[in-house]
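I would like the entire structure built from these sequences, with the hints used as guidance.
These protein sequence lines map, in sequence, to chains A and B. Quick note on this note's numbering: the first sequence kicks off at 1 and runs consecutively. Quick note on this note's numbering: the second sequence kicks off at 1 and runs consecutively.
Just the calculated beta-carbon pair ranges, DEER-fashion:
(1) A:311 x B:309: 50 to 58 Å
(2) B:307 x A:208: 36 to 44 Å
(3) B:100 x A:234: 41 to 49 Å
Derived from the structure by calculation, the hints contain no laboratory data. Glycine included, C-beta positions come from ideal geometry on N, C-alpha and C.
Listed below, chain by chain, are the residues.
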Amino acid sequence: MKKRYVILTVTLFLITVSGAVNGQTIEEIIEKHINAHGGLKNWQKIENMKITGHFTSFSERKPFTEIKAKGGKYYAHFWLGQHPVHEGSDGSFVWTDDPWFELPYARKASPVEESVILQKSDFFTPFINYAEKGYKATFDGKEVKEGVEVFKITLTRNDGQNETWYLNSKTYLEYMAITDWSDFASPVQQEAVFDDFRKVGEVVLPFYNERVFDSRITSTEIENIELNVALEPGIFNLPLSEPMKKLDFLRGEWGVSFDALGRGGNWSHVDSTSSVFQFIENKNILQENISYIRYLPLEKITTWTFNNDRKNYLMTVFNDIYSSTDVYQGDFQGDSLIMDNTLVSFTKTENPTFTRYIFTQISQEGFVLEIAQSKDKGETWKVSQKFTYFRKK
Amino acid sequence: MTQKSRVFLCLFCPFKKAIITALAVFGIFFHESVPAQSYQENDWTQFRGNQHNGIVRNVDLITSVPETGLEKLWTKNVGNGFPEVTVLAGVAFVFSSDSLDGGYEYLAAFDAETGKDLWKTRIDTLYFEVDGWGHGPRSTPATDGEMIYCLSGRGKLTALTFKDGKEVWSKFLPKDFGSVQPRWGYSSSPALYENLLILETGGSENRAFTAFDKKTGSVVWSKGSGVSFYNSPILTFLENQRQIIFTQDTMLFSYSTAGDLLWSYRMPLRYPYSQPIFVAPDKFFISALSDTGSFLIQVKNNQVHKLWTSDVMQNEWSSCIYHDGYFYGFSKGKLICISAENGMLKWGQRGYGKGSLIMVGDVLVVLSDQGVVVLVEPTPEKFTKLASFKAMEGKSWTAPSFAEGKLFVRNLSEMSVFKLTK
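Shown next, in the form of structure tokens:
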């Protein structure tokens, strides 16, 4: 026990004084590193940067664009081999549309992918304001890497991940880093080297990096970096899938006029109300909340998704009064969006009544929702309710 | 010997067999590894050259790019395919594909000096690669000057006349051998020895490795179990006899030319895509992208002894070159040199991606995966670049061929030919 205590004490002592033994503390080295990159003051003036150049993976060299902004915001468009990739982070939600999983839309990144995208979202070096970000760094001494004398630094990110950084002992710029990386969403360790440092404005950045992990080799050749550019709104958010973008006409706040067909065959105004269609944040789900009175107060929550296998939309309608949910499927037919339950009815009766939702007369300012019934298995439909939506200013 | 006289030798000489035999005997006594066929050393008749080792000796290669620029003899759009260019007697054979009319694979012959079209024969329907690495054939054709043999990405083995590309015989490995197409297409390249065409057939019922009568296509022998993979047989001469080396999963096999199993060895790694390297007189080096990396074995009295393993060299598909006690090859994004004594690193150089290399005369000819040719001095002291030039645009995964003083490079769209001798 005593022996262990002595070993522990000596180890702790050595760790504590290792910086002094090597002549510099970790703080001094990182300060010189930041200064070599142009100095903290100049970095603090940078709100965002747009980076363009060529990225090579699977030996295919293709153009790429990256946008990084303060707060860990990130967007990138590049190619993996012959497949285009988009990925990003709004600072909290991290997404990708990595096509190797054969999902033709962006999705939430896996924890492994998230870790990589967060690394990419750094303004190149992770040591800028590293302590404020909750990162920890230790100086592990000098080494020689590929003939270059380097300072070895262990960086622990606030999610607990350790990275090893090697800073050139002469220039204090990064020479190499060994960090966790992702290969088809599987965790791997990568070795990255940095080169071709150039001045952009008042800061200095590596215009070339090469990453090797597992059997992969990627290289990034930067051709241009623009600082503090005007950003497209929503660029960092998960983009909607293409089919869901087609439902964007529904998004917004609406005034709604409700008319119904009476028993005598006459249309009459029943109620005026309002509705809100909104996409659930960072998801390909559209939701409507609407309430109106027809005899009893009705509250409906509808949700919309797109099934990529069946290539059609699915709509669920939750009716609060009946505490029931009905399911409809359908797609655009001409200028109208038609959803019905002829294929998803759960009734066991021989001649069930089917319901159809028809979104028609669609424009920027409004649309009409007709609800119809069929008693002949969808051969003919009779409209019984009309909801006229007009966009609220 | 002039090009014309060599064409004559190959195609029409009535004493060809006698000359070939004499050259073969000469080879047995004077070469560290005997040529599989007795071609001019300055040809490239099969995968990784005549000796299956990626080396062409006795060539005085340029060591700098002249101020006037390199002499590019010709260039051509050739379509998708990974096979090396096969060259013999002034004819360059390019195995490739296009996507027209549903897609086909073709073997085409060109005048090696001028690029003039000689013939083009449709071989098979296109092997379509679903992962996007590139469609078309993978296997390098082999030729003996009378015939040329090629294996399509879908597994059709075809023998054609050298002179005009007429089909003489063919086999379809899935149908005739019960073989299953590997994920990335049939890739094994045939090897020629005397009257035999040797191929990894990957067939069922112990038909993994097969020797065909090269004239008729009849099976002389078929042995071993295992599926088709991406490795190719190599011919070596050790312990006083010709040996055919196959790799299969974790196993290394040696067969006599009569089809007798001489020895086998369970390797300390799996699925090497790169080729075994024979180190005369009795050693083999094998490398794969794996924790083991690479190993060296020695064969004595058909017994295999492992000499060392080292994780430094980890070849993916590109094979190493052995020269004067050192291996040069690509490992995880670097061109590196290791000692054959112990596998220890001598030097490493980044910047050439998933490149490939051959050795011509006393120079390593490296092709980067972006189509840059780099001439490198083969020395363990340090990486020494002699010269470099851009040969092609785009992904270039096929190793160069060198024959008749010319460097042949191809990628998934084009091929180019450069004069590289002084």
